[in-house]
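Q: Each chain, letter by letter, is given below.
Number of protein chains: 4
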Amino acid sequence: MINRATVYRVLEKSNHTDRAGRAVDIFLIILITVNVICVVLETVHWIYARFQLVFEIIDMLSVAAFTVEYVLRVWSSVEREPGQPALSQRLRYMVSPLALIDLLAIVPFYISYFVVFDLRFLRVMRLLRIFKLTRYSTAMTMLLDVFRQEASAFFAGFFILVVLLILAASGAYLVEQEAQPVKFGSIPDAMWWAVATLTTVGYGDVTPITPLGKLFGACVTIIGIGMAALPAGILASGLADQLRRKREALSQQYRRALEDGTIDAAEHAALEAFRKDLGLSRALADEILHSVQDGPHRSRARHCPHCGKALSRASD
Amino acid sequence: MINRATVYRVLEKSNHTDRAGRAVDIFLIILITVNVICVVLETVHWIYARFQLVFEIIDMLSVAAFTVEYVLRVWSSVEREPGQPALSQRLRYMVSPLALIDLLAIVPFYISYFVVFDLRFLRVMRLLRIFKLTRYSTAMTMLLDVFRQEASAFFAGFFILVVLLILAASGAYLVEQEAQPVKFGSIPDAMWWAVATLTTVGYGDVTPITPLGKLFGACVTIIGIGMAALPAGILASGLADQLRRKREALSQQYRRALEDGTIDAAEHAALEAFRKDLGLSRALADEILHSVQDGPHRSRARHCPHCGKALSRASD
Amino acid sequence: MINRATVYRVLEKSNHTDRAGRAVDIFLIILITVNVICVVLETVHWIYARFQLVFEIIDMLSVAAFTVEYVLRVWSSVEREPGQPALSQRLRYMVSPLALIDLLAIVPFYISYFVVFDLRFLRVMRLLRIFKLTRYSTAMTMLLDVFRQEASAFFAGFFILVVLLILAASGAYLVEQEAQPVKFGSIPDAMWWAVATLTTVGYGDVTPITPLGKLFGACVTIIGIGMAALPAGILASGLADQLRRKREALSQQYRRALEDGTIDAAEHAALEAFRKDLGLSRALADEILHSVQDGPHRSRARHCPHCGKALSRASD
Amino acid sequence: MINRATVYRVLEKSNHTDRAGRAVDIFLIILITVNVICVVLETVHWIYARFQLVFEIIDMLSVAAFTVEYVLRVWSSVEREPGQPALSQRLRYMVSPLALIDLLAIVPFYISYFVVFDLRFLRVMRLLRIFKLTRYSTAMTMLLDVFRQEASAFFAGFFILVVLLILAASGAYLVEQEAQPVKFGSIPDAMWWAVATLTTVGYGDVTPITPLGKLFGACVTIIGIGMAALPAGILASGLADQLRRKREALSQQYRRALEDGTIDAAEHAALEAFRKDLGLSRALADEILHSVQDGPHRSRARHCPHCGKALSRASD
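Chains as they are written, first to last, in the working numbering: chain A, 22 to 337; chain B, 22 to 337; chain C, 22 to 337; chain D, 22 to 337.
Hints may contain errors.
The list treats identical chains as one, so a pair stands whether inside a single copy or across any two.
[To be verified] Once the Cα atoms are required to be at most 20 angstroms apart in a straight line, the calculated EDC-like pairs of lysine to aspartate or glutamate come out as: (1) Lys-267 - Asp-166; (2) Lys-267 - Glu-293; (3) Lys-34 - Glu-100; (4) Lys-34 - Glu-102.
Think of the hints as simulated: they come from the structure by calculation, not from any bench.
Nothing here was measured: the structure is a model prediction, and the numbers come from that model.
Isolated chain A (complex conformation) (with noise of 0.2 angstroms):
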């Protein structure tokens, strides 16, 4: 009989010596990838009708596997706490991000049986399963961290960046509309020219083509580019300095081992889980290792000459 303990160890708590736990990681990884793939390729006439049975088969085993997946994490999600009562805890868990992430996945399979839905829509939204990548990518739940990190920033960007928007369109409306009534007949309309303008896509589609037009174009985009980069700039900024400070935390951990002189055997294995945790490369940590390793002419100036210790680390 299986165990619960150990299905939730397995499922949730896989780290990277667990070897069930990577190979179910493993699996799922590659199930979701095929299935993202297949979606894509579905859409696509010629291959559709000639694998349409292949399709479907890997859709049943994908939503089996899946549900199976949501049904055993529901369960062995009371291991979390395991005091507490189960059916609150096992709601609780059904309501997290990931969780509904997982139902979504699967859920729209069985609507399908009992309500009428386009069927095109509903086969592309089995898209939303790359979602479930989200619980084994670094890369993601940086990206959220910096999100709710960075928000007031980024809705700054984004607020400066829709009033450019509105105004610009408003302009190009006024200043375009006898010319081309058509493209520039209203402001929603000359939105779409201000987006392809201000984001610099510039399709070519909506141009003015008057004089006073494309003066007020001109003087739109130039003015304009800085801002609608905002957003991304203030999102790559923020990114550079969250890998900052992770170095920085790797950096220290580093050098708290190297107190005694010599990192042994369970120092390295615990430094490896930090770095893995952490999301950093092999490559960059043994930099690190080494700029923190290399350096009796550093060390003299960032020790007391009193005590020997360490007065200041270096702002690395």
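We have chain A; now place chains B, C and D onto it with these hints.
A: Okay, now just chains B, C and D, sitting in the frame of chain A:
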């Protein structure tokens, strides 16, 4: 009867604990947003035809509300420095940027009764009411701060961009004029191509067609993209810098509050108000608090071994 | 009679207190700007037809003024190092970049009397007078400094971009040549597409049409945008770095001036001159002064507990 | 007879003092560049028709030179660690990346005598010789270092970009398929639009035309540009970071050399070699030296008042 001091407090000093002030703020933000949406939708013919009356009523009510708001603000502005003469204070308030924006939001409505204007232009002018949001937006305030601080670098970036635009347009005019006498017939004409190219919008309505023109265009593009992105880069870097300084300021406040080992209710309220003033998200504040709190190994490095006082703050 | 030392001081050493020097500077800046505007407007046929005489008079007077300026600068350049022989000093000045730009601004005018040139080319050449502004622009100076300092990184970025362009063009040539023998007929032809794509300009006049070409184009675009933005990123980061160092330098000067507790008139004038030399805005300087002044809690962290002297400056 | 140690030193260890080594390096760099230019020009029909013989001779000679270079490198690679067995060392060298690039540069030429290939493909393959420049380019080396160090962040950025591309293409496929069954007929087809849009290339050959499609396209563009720029931002920030660390390292070397108050000839040569190893420009090095040298007021802040030793280096 209305108390002038109360009006002033509700309108101008609404912090996050004053209920009436918050209600007025939220009402005005919603009203401004509704106004902007109306102006945008009015330009769509069929929507305007069907809902003309609704739009006109909303406009009437908005102008009324904004007029009352403006009058009350001017009237109560005396409370800013209670001892001063009332008239001079009101005049000084009326020429402040925020008051001018408020005036600009209502004055076109009244002017239209005396002077005959292009109605379409007048209606779109109401979009300027969007700037009334400046009062409530940390984003706008922060951006204006960055503009003021990085003004010289920003001006430098724009100056270089303008020089580059003129040189690019002149070169393209010289090499392409004969092949495309309409699109590259003069330097101002060629400027439209230069703007679209150097900002990387690239509509494609004007492109060089001669081999020499393409060679010149390719060189200009490769050299130019770096410089066209300069103002954007300066703005983004300035904003990131300001955020970093704000984070540092909050971090310092946390550290001071934690000097006695704990954050009591009064300290917590003060820190929350400070955080909101800075416009930082709660998630970020929590992370900062966490990094300040955890860290016996950190404090060891940052305190003098003799007196226990901090020697150098972490360049976080 | 004109005093050579006075001429030298007015022309070359005009600081912000010398009235005559400032007047000459402003006159020359306006004259250069008028010249640039004239050259741009001359290329518009109807403007040239109507104002030909005005343009010619402005050009005459400008050349006269720039010639007098050039002669006076060469003549007075002896004052740079008063003890040295005059001729060698003048020759050394004449080959300096700024003097060559000054010469370039007037020499085409005189050449046109002896040699028959393409008139249109000659007229546009007058645009080079825009570089005379270099003398007055902190922006240009700062950009040149960044170029010199980040030269190796910049060259690296361009080298990588060129390699990428060649590989992208070659790949597109291989997969698209048969489908579009004109647009992708050779690697130089395909280069036009590669430049437009990797710089994200994307005119759309040349795009891959075969499935393989689109796949290759998509891959190249996704991989390439990161690298095409490298020179821009290096430039922006270099400029931000330089601004940071300038800010730090000003901050240090403020701190030194404040060591005796106050900034007297002489210190204030020196700090203002330093600020203008650095090209920093007054708003930024005020903020720096503020952050240096306020902060008893800061100074505690930055002063040695034994002697009271600063231990480590804030990495502001 | 040729001495193996000399060959090894000339080919592999050519520092900036060894004349023969530098001559060989410069000869090879010129040869590689000429090769790349030839391959590019060969694809232009009329150039190839006229200079076919020249191209063939250059190719012959180049292959000969590169073959000799490769054989000598493999032969002399034994000198790397003189004590080790020769064969295993040579094999180990032959599978190193640089040796594989060298092999790839010559092997297509020899293969073409045995196997019949598409001649055009084979000729373009010669462009891979451009990678032989990796050996001489600090730029390439630096970029590879940044890739290795920021690998996880880079992968994260690309993963997010791919997820975004799939979702954008699926959404566009759903809303535009009926209006444009050819251009948005399947998700892979729609992907071409998604790539062109999210990378802001925006060719304009495929654009949404339905109102719903434009709304979706606008939202995707605004949200997406931030994330499409992520890999670029990470790369640029990583490069800037590495440059900063290199600058810091050089600054530290200068400080150490200056500890005795002066930089003698030997120290100067060592610092120059170190600077070239780091790939920093001389202008930057001079500025660093300047900032280290000047500054009695700096050193006061960075030295302990008790023992006179540096307490904390400036986070320059």
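Q: State for each hint whether it applies.
A: Structure-based check of each hint:
{"no.": "1", "hint": "Lys-267 - Asp-166", "result": "both (13 angstroms within a copy, 19 angstroms between copies)"}
{"no.": "2", "hint": "Lys-267 - Glu-293", "result": "within (14 angstroms within a copy, 26 angstroms between copies)"}
{"no.": "3", "hint": "Lys-34 - Glu-100", "result": "within (11 angstroms within a copy, 51 angstroms between copies)"}
{"no.": "4", "hint": "Lys-34 - Glu-102", "result": "within (13 angstroms within a copy, 47 angstroms between copies)"}
In this structure, none of the earlier numbered hints is contradicted; all agree with it.
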